[in-house]
Each structure stands twice: as structure tokens, then as C-alpha cells.
Amino acid sequence: MKILVAIKRVIDPYVKIRVKPDGSGVEDTNVKMAMNPFCEIAVEEAIRLKEAGHANEVVVVSIGDQACQEQLRNALALGADRAIQVETENTLEPLAVAKVLQAVVGQEQPQLILLGKQSIDSDNNQVPQMLAALLGLPQATFASELVMSDDTVTVTREVDGGLETLNLTIPAVISTDLRLNEPRYASLPNIMKAKRKPLDVLPLDTLNIVTSARQAVDEVMVPPARQAGIRVGSVLELVNKLKNEAKVIE
Amino acid sequence: MKTLVIAEHDGHTLAVETLKTINAAVQLSQPIELLLAGEKPGEIVNYAQQIAGVERVLVADNACYQHLLAENLGALCHDVIASGEYSHVMAAATTFGKNLLPRLAALLDVGMLSDVIELVSADTVIRPIYAGNALARVKSNDSIKVISVRASAFNTVEVQGAKSAEIVELNMVHNLGLAQFVSQETVESARPDLPAARVVVSGGRGLGSKENFAMVEQLADKLGAAIGASRAAVDAGYVSNDLQVGQTGKIVAPDLYIAVGISGAIQHLAGMKDSKVIVAINKDPDAAIFEVADYGLVGDLFEILPELIEQLDG
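Heads up: the protein sequence lines correspond to chains A and B, in order. The numbers in my numbering rise by one with no breaks, and the one at position 150 of the first sequence is 146. The numbers in my numbering rise by one with no breaks, and the one at position 114 of the second sequence is 211.
One chain only, chain A, in its complex shape:
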């Protein structure tokens, strides 16, 4: 079985982002970048499936400029076999990303497609579901457990009321939630080895996909700041403030 994992380069989750003063976006020059945390979980799961003998090849794909090769190499160092960079200077919307991935799936014919449930920059939570729709495949979003059998995959999903388990025919598209696994770190020898693993560059325009924007971000704004609060000295004072000042308890 072949597994395809889509990964995204994003601003590191621990960076406190700054909105550009002209409202055109978020400051991204000289900012630490990283693999989206949910994508790390997807890569980890693919590698574990390979280690358990369920897969013989793990292919990672990312869409972006040369810089996203850093995250692809990172995935190779973690244990992926091969990488594909769909090369473009433009930032694509989720629907366009899904169409690009649809084309890659068409070329690669994987049995399992793993993606993170959302990227922590745009917070859309759309691409896996869109990709599944375009491919006419079943989807299991927000996966916290995954059990493979011959022609199906059983997935436990984190849903609002608790957990839900589904059985999907494969090929299938699965998006990962936080509790699916604990991603490993790349070891130095593996980082060195990853430099020699194949990384194909596929120019976006060779795929013949319409990726023009459907949406326009008119402005990026700083959210309203909260008024500075106060420190209280005791439980009694806190209860008094909540009752008489904030009037949120009786």
C-alpha cells in the first residue's frame, strides 16, 4: 500500500504573530517557520503504518515555493520515502490546493491519503474534505485512532459529543487530530540521509489546473484588545468583585 501525506509550511505555532500595519496580512519575513503541527501527526501516522507493515511507501507532498522543501526534507528525515514539491510562488486557496492534490493522487494512486485537520495559519479546516469530495472518496476527519485491514480502514473520530467510529472503504482520505499520535523527532543521521532521498519538483502549470482566487482578503486586522484586568489579593475579594462589580455570579 502507498500512503500520500500532504504537508504545509506555516509560521511556527509558538511565534506570536504580528499584523502588518497596512492591513495586507501578517508579518512573515524573518519569522520562524515550521511544518504545520497537524501535518507532523499525519506524517508520523504514515510512518507508523509503514513500520507496522501496512504500507510499503510513504510519499509526502507540499505546495509552495522553494522554501517548502525544508519541510519536505524534514518529513523525509522522519521516515518518508519520497517527496514532491508542487512549485508555485502563489498562495492557493483550499479548493485550489484540493485540486492540485487531486492531480497528484491521480499520478500516484495511493490507497490512503493523510492530511492534518487544519493548518494553524488560515485555520480553515477544509482541504481534506474538499479533496475527498473531488476524488469521490470516503473521508474521516479529526481522526484519533486508525486501524487498517485489507480493504477498509476503521477510524475513530473526535466529535463534539465524544468519539465516533467509522469504517471506510479504501482508498480513503483521513485528516488527523491532535491525539492520533505523538510525532517523533528526526535524528541527525536521518537528517543527513534525507538529503539523498528523492524530491521531485513539479511546476504547478504542468498540471493544467485552474487555481485562480475565488476570494479576496480585503483586510487583515488586529482583534480588539481586552482591557487590562486587576489582581485580587484574596478569594473573598474575588467573590465580591464577581458578585458586585462584574455581576456574573449571584
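Please note: incorrect hints may appear among the correct ones.
The calculated DSSO-like cross-link candidates involving lysine-lysine, where the alpha carbons are at most 27 Å apart (straight line), are [claimed, not checked]:
1) K95(A) <-> K236(B)
2) K95(A) <-> K(-2)(A)
3) K380(B) <-> K237(A)
4) K236(B) <-> K380(B)
5) K370(B) <-> K243(A)
6) K243(A) <-> K373(B)
7) K236(B) <-> K16(A)
Read the hints as simulated data drawn from the structure, not as lab findings.
Since chain A is already given, all that's left is putting chain B on it; use the hints.
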């Protein structure tokens, strides 16, 4: 043109988030239709008919919609939209809405607007990005706007007690057979639902153990509050994951949010910083949570919590 709202339910009750979504839809000032799919959703249909602002309730009653699987439901929604004059399709940004709407948008070949907190006009919305640390004003040029609504940013629509909406039975069956429901584990709780609660008490790593987390539960019960948790508390197994508040968990905006033993990571703040009043109890005076707290109390939560519970008794 019309707005289609897709109903979320558990087979018996309509989700409160759907009522909030309808209230958001009302702002578009065009007819609203509610699509209700499920197996024998009779009692929900009765209730849905009474919702202010809903003109028609479209009912798809079939066993294939029983567990609201995205594959079957997506195909149904696509069919309904293809046969009507809908300019907007909306559902709440719950795990149900997040699962379904992007699939539907792709079937319609349109983009989607996720987790919208404000409808500026028929084609422009405001939505948070970067864990709520920035807001984007986005204009959609698609013919159909597919929108998931952040329920905590809208009030609940009125349910007036008179059956005003017309019922339309849909004879559309889409049993794709791509996915089968196996089982579900529902966390039973007598406490209010997290997204709907007026007061939320959340615990973090500082509690130290599942046993200690019981203090958070006691405080919550004293206040008639829902329980929340940080990722650290969920990962440590103190509570189930559906109680996680944050960027990737639940987004809440109660009147009162009490954070106990929570440091206040960016990802947690994303889920609660729109609460009306925030109280932080933490032993670390430099914890980030104090930057957003209206009332901060620095100290040992194992001393503070019992005292607080006792004070509220009096």
C-alpha cells in the same frame, strides 16, 4: 435568492448551534430554509417548524442519513442546492459542520468561508485566522457562499411555539456506501453543554491529577457551570477530549470563564478570549493567562479552590 441552513441534531434534539446559525442567516434578509436529514426526525421537524425566520423545513427521512455521514449528506445537499435558488449555504462550525461543508463546497465547485464571526454583507465576512490573533475581512466572488458560523459569536434565534414553517418532504436517497457507522461513545454529563454554558470552569495541567480535577467539577457544580480543559489536561487524561477549549477544540464565549491552573498558551486563548469576564487562578504570576484575565488571583489552587467553593456556599 434563498439561504439554506443545514440542521445538526442527535436524532432527537436540534443542536443549539443550529439555532445560532439561523440567527446569523436572518441577517442576510432573505428567505431561510432548513434542511433536516436523518432517520425518522419527526419530533425535530415539529420543533423546527416553530423557529422564527424559517420559511420551509426540507425533510429527508431515510436510514442512509441516520448518522449524518458527510458522503451521503454532501450528495443530498448538492442535489437540493442544484434544484433551488440558493445563494448561501450555512451550518455551524461544529465538528458536524466542519466535516460536511467543505465537502459540499467542493461538490459545488465553490470556495468556503470557515468559522465566520460576522456577516458584513451578502458576500463579505469576518473570520479569525492565526488562532484568533488576527481577523480577516474576506470577500467571496463565488455564486454560492458556503459558510460555517462560529456559534459563540451569535445569539440563539427565537422558537415561538407556533408552527409557521411549511414542511417539504424530499424523496432523495443518496446511499453512497463509502463509509459505515460503527459506534459512538457519548460522554454523558448532567452539566450544561460547553458551547451553550453561561459559566465555564476550566482546568489545566496545574491540577496535577484526574482526582484533583474533581475540585474543578465541584466548583462548576456550585456555579451551574460547564467544564472545560486545556490540551495539557486532556492529554494527561484528566478529562475527555471533547472538553478541550482552544484553537482546535471548542470555542466558547460565556459570561464568566474561570481558568484554573492554565498557563494561557496562544492555542488555549484562541478558544476563550471572547468571554465576557475572565478569571485566572494560577501560582505563576507571569503566566500568560493573566494578560487576558479581568480578575487574577496568584496562589496555590489547592488552597484557593476549596476556599472559593466554601465562599460560594455562604
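To see whether the hints hold, each was checked on the structure:
A hinted pair counts as satisfied when its Cα atoms are at most 27 Å apart, and K95(A) with K236(B) qualifies at roughly 21 Å. Restraint check for K95(A) and K(-2)(A): satisfied, since their Cα atoms lie roughly 20 Å apart, inside the 27 Å limit. Pair hint K380(B) plus K237(A) holds up; C-alpha atoms about 20 Å apart against a cutoff of 27 Å. The hinted pair formed by K236(B) and K380(B) fails the criterion: a straight-line CA distance of about 45 Å is larger than 27 Å.
At most 27 Å may separate the alpha-carbon atoms for a hinted pair to count; K370(B) and K243(A) meet this at roughly 19 Å. Proposed proximity of K243(A) and K373(B) is supported: the alpha carbons are some 11 Å apart, at most 27 Å. Among the hinted pairs, K236(B) with K16(A) is consistent with the structure: their alpha-carbon atoms are about 19 Å apart, no more than 27 Å.
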